[in-house]
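Participant: So the protein lines, in turn, are chains A and B.
Using the numbering used here, the first residue of the first sequence is number 74, and each one after it goes up by one.
Using the numbering used here, the first residue of the second sequence is number 74, and each one after it goes up by one.
By construction, these hints were calculated from the structure, which means they are not laboratory data.
Possibly wrong hints are sitting among the right ones.
Here's a subset of chain A near chain B, in silico, CB distances under 7 Å, partners left out [said to hold, decoys possible]: (1) Thr85; (2) Ala124; (3) Gln137; (4) Gly173; (5) Gln175; (6) Asp179; (7) Tyr295; (8) Ile376; (9) Ala378; (10) Ile379; (11) Glu380; (12) Pro384; (13) Ile414; (14) Leu416.
EDC-like, lysine to aspartate or glutamate: derived pairs with alpha carbons at most 20 Å apart [to be verified]: (15) A:Lys84 - B:Glu210; (16) B:Lys84 - A:Asp166; (17) B:Lys84 - A:Glu167; (18) A:Lys84 - B:Glu448; (19) B:Lys84 - A:Asp190; (20) A:Lys84 - B:Glu167; (21) A:Lys95 - B:Asp190; (22) B:Lys95 - A:Asp166; (23) B:Lys99 - A:Asp327; (24) B:Lys95 - A:Glu142; (25) B:Lys95 - A:Asp190; (26) B:Lys95 - A:Glu167.
Built from N, CA and C at the ideal position, the CB exists for glycine as well.
There are 2 protein chains.
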Amino acid sequence: MAYHFASRMGKTPRSFIREILKTTEKPEVISFAGGLPSPSLFAVEELAAAAQDVMADAGRAALQYSTTEGYLPLREFIAERYRQRLGLSVDPDEVLITNGSQQCLDLIGKVFLDPGDPVFIERPGYLGAIQAFSLYEPEFRSVPLLDDGPDTGCLEAMLEEAPARLFYGVPNAQNPSGITYSEEKRRAVAAALAGTGTVFVEDDAYGELRFDGRCLPSVRQYLSDATVITGSFSKIVTPGLRVGWVAAPREIMDQITVAKQASDLHSNTLAQRVIARYLETNDIDAHIERITRAYRTQRDQMIAAIEEEFPEDARYTRPDGGMFLWVTLPEGCSTMRLLEIALEKNVAFVPGKAFYVDGGGDTTMRLNFSNAGEEEIAEGIRRLGAAIRTFIG
Amino acid sequence: MAYHFASRMGKTPRSFIREILKTTEKPEVISFAGGLPSPSLFAVEELAAAAQDVMADAGRAALQYSTTEGYLPLREFIAERYRQRLGLSVDPDEVLITNGSQQCLDLIGKVFLDPGDPVFIERPGYLGAIQAFSLYEPEFRSVPLLDDGPDTGCLEAMLEEAPARLFYGVPNAQNPSGITYSEEKRRAVAAALAGTGTVFVEDDAYGELRFDGRCLPSVRQYLSDATVITGSFSKIVTPGLRVGWVAAPREIMDQITVAKQASDLHSNTLAQRVIARYLETNDIDAHIERITRAYRTQRDQMIAAIEEEFPEDARYTRPDGGMFLWVTLPEGCSTMRLLEIALEKNVAFVPGKAFYVDGGGDTTMRLNFSNAGEEEIAEGIRRLGAAIRTFIG
Chain A
74 MAYHFASRMG
84 KTPRSFIREI
94 LKTTEKPEVI
104 SFAGGLPSPS
114 LFAVEELAAA
124 AQDVMADAGR
134 AALQYSTTEG
144 YLPLREFIAE
154 RYRQRLGLSV
164 DPDEVLITNG
174 SQQCLDLIGK
184 VFLDPGDPVF
194 IERPGYLGAI
204 QAFSLYEPEF
214 RSVPLLDDGP
224 DTGCLEAMLE
234 EAPARLFYGV
244 PNAQNPSGIT
254 YSEEKRRAVA
264 AALAGTGTVF
274 VEDDAYGELR
284 FDGRCLPSVR
294 QYLSDATVIT
304 GSFSKIVTPG
314 LRVGWVAAPR
324 EIMDQITVAK
334 QASDLHSNTL
344 AQRVIARYLE
354 TNDIDAHIER
364 ITRAYRTQRD
374 QMIAAIEEEF
384 PEDARYTRPD
394 GGMFLWVTLP
404 EGCSTMRLLE
414 IALEKNVAFV
424 PGKAFYVDGG
434 GDTTMRLNFS
444 NAGEEEIAEG
454 IRRLGAAIRT
464 FIG
Chain B
74 MAYHFASRMG
84 KTPRSFIREI
94 LKTTEKPEVI
104 SFAGGLPSPS
114 LFAVEELAAA
124 AQDVMADAGR
134 AALQYSTTEG
144 YLPLREFIAE
154 RYRQRLGLSV
164 DPDEVLITNG
174 SQQCLDLIGK
184 VFLDPGDPVF
194 IERPGYLGAI
204 QAFSLYEPEF
214 RSVPLLDDGP
224 DTGCLEAMLE
234 EAPARLFYGV
244 PNAQNPSGIT
254 YSEEKRRAVA
264 AALAGTGTVF
274 VEDDAYGELR
284 FDGRCLPSVR
294 QYLSDATVIT
304 GSFSKIVTPG
314 LRVGWVAAPR
324 EIMDQITVAK
334 QASDLHSNTL
344 AQRVIARYLE
354 TNDIDAHIER
364 ITRAYRTQRD
374 QMIAAIEEEF
384 PEDARYTRPD
394 GGMFLWVTLP
404 EGCSTMRLLE
414 IALEKNVAFV
424 PGKAFYVDGG
434 GDTTMRLNFS
444 NAGEEEIAEG
454 IRRLGAAIRT
464 FIG
């Protein structure tokens, strides 16, 4: 039978990363391609205890259907943490629990995007957002990312030409580049968007994973009625439980709630209660400190290895948070072609091209440092350096 | 700020049921409005033990990201059960794990529906499907539901006029009516759809909850390349873990996998492993037998009470499975207006109107019998009978 699929399916990119991951399943491959947190840092025993407690104290409630908005004590925790950490006033009613923060992007696409609507995204931009929004058939336009955040001159010119429905950005330790917006840039982005009708989607998956410097304000601080924040416990507690959230002004939240309900009724009841119990009974700040200490060290090891092994004119970011760094190789060094040589040498990465909606990024690559130990980093970067030398010839 | 939302949001009905549920939170209200399985039948201890075992044996894997398709041993269990229970040949690669079966409908809508595409649905039809598909802006057309399944004469005439992209149906213990398609009707539906390009979406949420009679074949048996089955552990194990699945031919599954990945990457890793462990270490057939025995009794109690308390010319279905029965009151007895009186008398139901995409059903109502004990059923139906008498005057 010849199937007829919706036109959106032809516009949604397959995840190049997942394709690479399939080739990296061999144990001899050192992979910097994925985006996994280090499983050695999971609080397995504490989460097992939380699960046991929830099942013992409230088993029937944890196994039953629950509200679309999500478990209230968890939403209260999230709201209170915004207050403490960022001085941000968010009501628990402005928070809805999702299946990981990827689902936030699907819901935001559903709520805001008609086919052909303009969506601005950073250049390079997060591939998962490109995929999620693509299902709603927008027209993507890229805002170049400079060392301290988006090129706001360019953003202003683009807005002048035609405001977007959404501007999607990752102000903290961006995926894929590792760049963090400066405080000035956050203000400037908000100022540029104010009054244009463009909603800023502030993906804050990595805000808590900050190694250096103080925690910077949310763009919502400056653009409270037009910022939708997405958050996640994936990077600071566990990704396997798929617990994320979206925080948005009430009028937007009403629409998101309808979309969530139509999409899957509600998020996993047990998982929400387990995370809430874990947060109540453990010191999450101490846990995050363990993670950031480890990742900071891994970042430093990777940078040291790159300095040793890569050509002198290779450039790289020095992320102050998150899980990725971004390398730009010398002119002509196509990372798509380099990947073939690298895989022969049993090392993997993601070619930067995957993160550009309008072409470009040929000589760039994303390297993940959160899920590799010291030896793997040293050996993997050595292999990658050798692959580059083979390629350059 | 005035927000601009996507046009699909204006076309998606708010769940009338959720609105009613809000008014039924008072403890004095007896509610037949919801669709909850009986929590007294949850295997709390066994699921707690499964969770503990999974965390002890494979904690880091259970807490990590995992594949979009889902946990292979669980997909194997589902495929094997199709073989044993229905003699149906389904490969584990034709199964993808979702966040409850509601998400299947969202993914199917994403994969198949462009705005304006015709979608056939039973009349009355499942509200959750109306909501999920509405987000993809189809044109709904209703196929009348007779006592033994869809009116296939009408279906054939509709297909002749214009084939649909999808025909969504619930052959086993339909929600809301409780009707089960006869074997002949299953063949006739498949025969009518064959060669038209219309895909049958076979929602099988209640197939395992069969009280009377033998288990009937899946429509996929007769229409293997154009049937997509949705299934769920919500009714036989637990809804709170949000573990459902979709089973579809490979070419459709490829598209569903892309849609699932863009929507939320993958389903809860821990929940999938907990369900799989529970199924491995417990006798699921014995558990299902406990549930169906209880629900059969509750159905009989509700029917006995209706016969006692409702007007003689009220008609009702006698479901041979599932969780709902369907009442048609005498001409002129609007259940929307009746609901107000019923709520004053502290009893709730869902007016049938909510299940019609094209109007009608004014004198019908859906009653849930799975989540009410003997006394509640007797007292609730007594109150409802009094409300009807008050209404009729």
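Participant: All the hints need checking, so say for each whether the structure fits it.
Facilitator: Hint check results:
The interface hint given for Thr85 (chain A) holds, since its Cβ lies 6 Å from the closest Cβ of chain B, which is under the 7 Å cut-off. Taking 7 Å as the C-beta cut-off, the interface hint given for Ala124 (chain A) holds, the closest approach to chain B being about 5 Å. Annotation: Gln137 (chain A) was flagged as interfacial toward chain B, and the flag holds, the nearest CB pair being 5 Å apart, inside 7 Å. Because the closest C-beta pair between Gly173 (chain A) and chain B is about 6 Å apart, less than 7 Å, the hint holds.
Satisfaction of the interface hint for Gln175 (chain A) is found here, the shortest Cβ-Cβ separation to chain B being roughly 5 Å, below the 7 Å cut-off. At about 5 Å, the closest approach between the beta carbon of Asp179 (chain A) and any beta carbon in chain B falls short of 7 Å, and the interface hint on this residue holds. With a cut of 7 Å, the hint placing Tyr295 (chain A) at the interface with chain B is violated, because the nearest CB-to-CB distance is about 14 Å. A hinted interface residue such as Ile376 (chain A) counts as satisfied when its beta carbon comes closer than 7 Å to some beta carbon of chain B; here the least separation is about 25 Å, so the hint is violated.
At its closest, the beta carbon of Ala378 (chain A) sits 25 Å from a beta carbon of chain B; the interface hint therefore is violated under the 7 Å criterion. Here the hint on Ile379 (chain A) is broken, as its CB sits about 26 Å from the closest CB of chain B, past 7 Å. Interface hint status for Glu380 (chain A): violated, as the beta-carbon distance to the closest one in chain B is roughly 30 Å, over 7 Å. Here the hint on Pro384 (chain A) is broken, as its CB sits about 33 Å from the closest CB of chain B, past 7 Å.
Evaluation of the Ile414 (chain A) hint against chain B yields a violated restraint, the C-beta minimum of about 27 Å exceeding 7 Å. Interface hint at Leu416 (chain A): violated, since its Cβ lies 20 Å from the closest Cβ of chain B, which is beyond the 7 Å cut-off. Distance hint between Lys84 (chain A) and Glu210 (chain B) is fulfilled; the C-alpha atoms sit about 18 Å from each other, no more than 20 Å. Taking the CA atoms of Lys84 (chain B) and Asp166 (chain A), the gap is about 24 Å. The hint is violated against a cut of 20 Å.
Restraint check: the Cα-Cα separation between Lys84 (chain B) and Glu167 (chain A) comes to about 23 Å, which exceeds 20 Å; the hinted pair is violated. At most 20 Å may separate the alpha-carbon atoms for a hinted pair to count; Lys84 (chain A) and Glu448 (chain B) exceed this at roughly 56 Å. Taken as a hint, the Lys84 (chain B) and Asp190 (chain A) pair is honoured in the structure, with Cα atoms around 18 Å apart against an allowance of 20 Å. Between the alpha carbons of Lys84 (chain A) and Glu167 (chain B) the distance comes to roughly 23 Å, so the proposed pair goes past 20 Å and is violated.
Restraint check: the Cα-Cα separation between Lys95 (chain A) and Asp190 (chain B) comes to about 36 Å, which exceeds 20 Å; the hinted pair is violated. Of the supplied pair hints, the one linking Lys95 (chain B) and Asp166 (chain A) holds, its CA atoms being roughly 16 Å apart against a limit of 20 Å. Only pairs whose Cα atoms come within 20 Å are accepted, and Lys99 (chain B) paired with Asp327 (chain A) is rejected, the gap being roughly 23 Å. Between the alpha carbons of Lys95 (chain B) and Glu142 (chain A) the distance comes to roughly 13 Å, so the proposed pair stays at or under 20 Å and holds.
Taking the CA atoms of Lys95 (chain B) and Asp190 (chain A), the gap is near 36 Å; set against the 20 Å cutoff, the hint is violated. Distance check on the hinted pair: Lys95 (chain B) and Glu167 (chain A) sit about 19 Å apart at the alpha-carbon level, within 20 Å; holds.
Violated hints, in rising order: 7, 8, 9, 10, 11, 12, 13, 14, 16, 17, 18, 20, 21, 23, 25; the structure is consistent with all others.
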